[in-house]
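Enquirer: Residue-level listing of the chains:
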Amino acid sequence: MISKDLVAASARPLLLSILADGESYGYEIIQKVKDLSGGRIAWSDGMLYPVLHCLEREGLIEAEWRRADSGRDRKYYRLKNSGRKALKDERNQWLAVHNTLCNLWNPQANST
Amino acid sequence: MAGCSQHTLQPMEPASEFDLNRSLQIWREQLAAQPGLTPEARQELESHLGETMADLRQRGIIAEEAFWLARCRVGPPERLAQEFAKANPWPLWRKWALWMATSILGMWIIQGTLVGVSGLLTLIQLKTYTDLPVVVFKVSPNRPHVLSRYADQTVPKMAPFWLQGIRDALWNDSVGDVLGALIVICVTAWIACQPERISTRLWRLVFGSKGRFLLIGALSIFAVFLAESWSETVTKEWLKTRPDDWIAYFNGWSESNFKLMGPSALVLLITGLIPSGKRQIRQTSSVSPASV
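Residue numbers (the numbering used here), protein chains in the order written: chain A, 3 to 114; chain B, 1217 to 1508.
Any given hint might turn out to be false.
Just the calculated beta-carbon pair ranges, DEER-fashion [unchecked claim]:
#1 A/N94 / B/P1307: 29 to 35 Å
#2 B/R1275 / A/Q95: 34 to 40 Å
#3 B/R1275 / A/E66: 26 to 32 Å
#4 A/N105 / B/R1273: 31 to 37 Å
Rather than coming from a laboratory, the hints here were simulated on the basis of the structure.
Glycine included, each C-beta is placed from N, C-alpha and C at the ideal position.
Chain A extracted, bound-state conformation:
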């Protein structure tokens, strides 16, 4: 399992990336993360919402309550333009970390 700190740190780029593919709601986001990570990133369900609200307050995403076909009210989140810019920055930062670690751990493969 991935450490708690890393899970917490990766929440922001993960959420922005998921919402870049289209609007979604909390339960669906968690299922996507679970599927994409093969179960290695385990979010405690309720802890997702403070991060989503944080992004909403920062103006990176926007939310809207709608009634689903199942009759249940859901809060749908979608990425705003400022969120796309933030995602680009996040992506560059994470890729920089990723490349640095790859160079350190496997320098020969990367130099060829």
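Got chain A sorted already, so can you dock chain B onto it with the hints?
Expert: Below, chain B without anything else, positioned relative to chain A:
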């Protein structure tokens, strides 16, 4: 998730005894008792609980099991409140400020009523002897500035004495009181908004124990009076309006203010008992390890 795995080891109660609506209601009340969880956040968490339950039911899990598993996955209310407060401390800050302001306002009104009632009693006592202008000096010798304005008034004018007492309590020391109250509000709110960095222990003490409001109520009373006396000294030095009064004030500080401790604590208790009472529901109904 440890709590979830424990739950499956426990013998299941008969399905007929499980009341989903009642269980949901208890869960809602537990969430509502948490400071810092806004109604919208609670609604969203409930929506999530519903989605999880529906998913589990589709997999053939019975309603009771689905409820406890979903509840467990969403997380314990206390932990949720902490996470929400870490991400956004403002709702908590507002709640604290409102709570403190209500308590202090209540304190002032009780203080004014006490001055007024005791003045009225003195007045009735004096009225049996004379209808001459009354000099009320027995009511509260420690706060002569409150009473001196009544010294030259006649008996009929003194009738709504308790209203005047309230007015005095609200306005007479308002600069010092407001300053003192603001200091206490800011300090307590600041501490409340810093759960991890400043003192995790203090956070747990305040938001994790049954007697949190009692403790905070008692501490607030002392803090308000300490801050009030300090700020009054400062404002008096600054305003120079009552230069000869502060010694009398401090001489009588303990006596006059400690008399107010009882009613003030009552106000704090009443304001604190509402969420405290809701928390009791969890303690009496937490039969499932999912509440861990």
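Enquirer: Hint by hint, note whether the structure agrees.
Expert: Consistency of the hints with the structure:
no.: 1; hint: A/N94 / B/P1307: 29 to 35 Å; result: holds, 34 Å
no.: 2; hint: B/R1275 / A/Q95: 34 to 40 Å; result: holds, 39 Å
no.: 3; hint: B/R1275 / A/E66: 26 to 32 Å; result: holds, 29 Å
no.: 4; hint: A/N105 / B/R1273: 31 to 37 Å; result: violated, 49 Å
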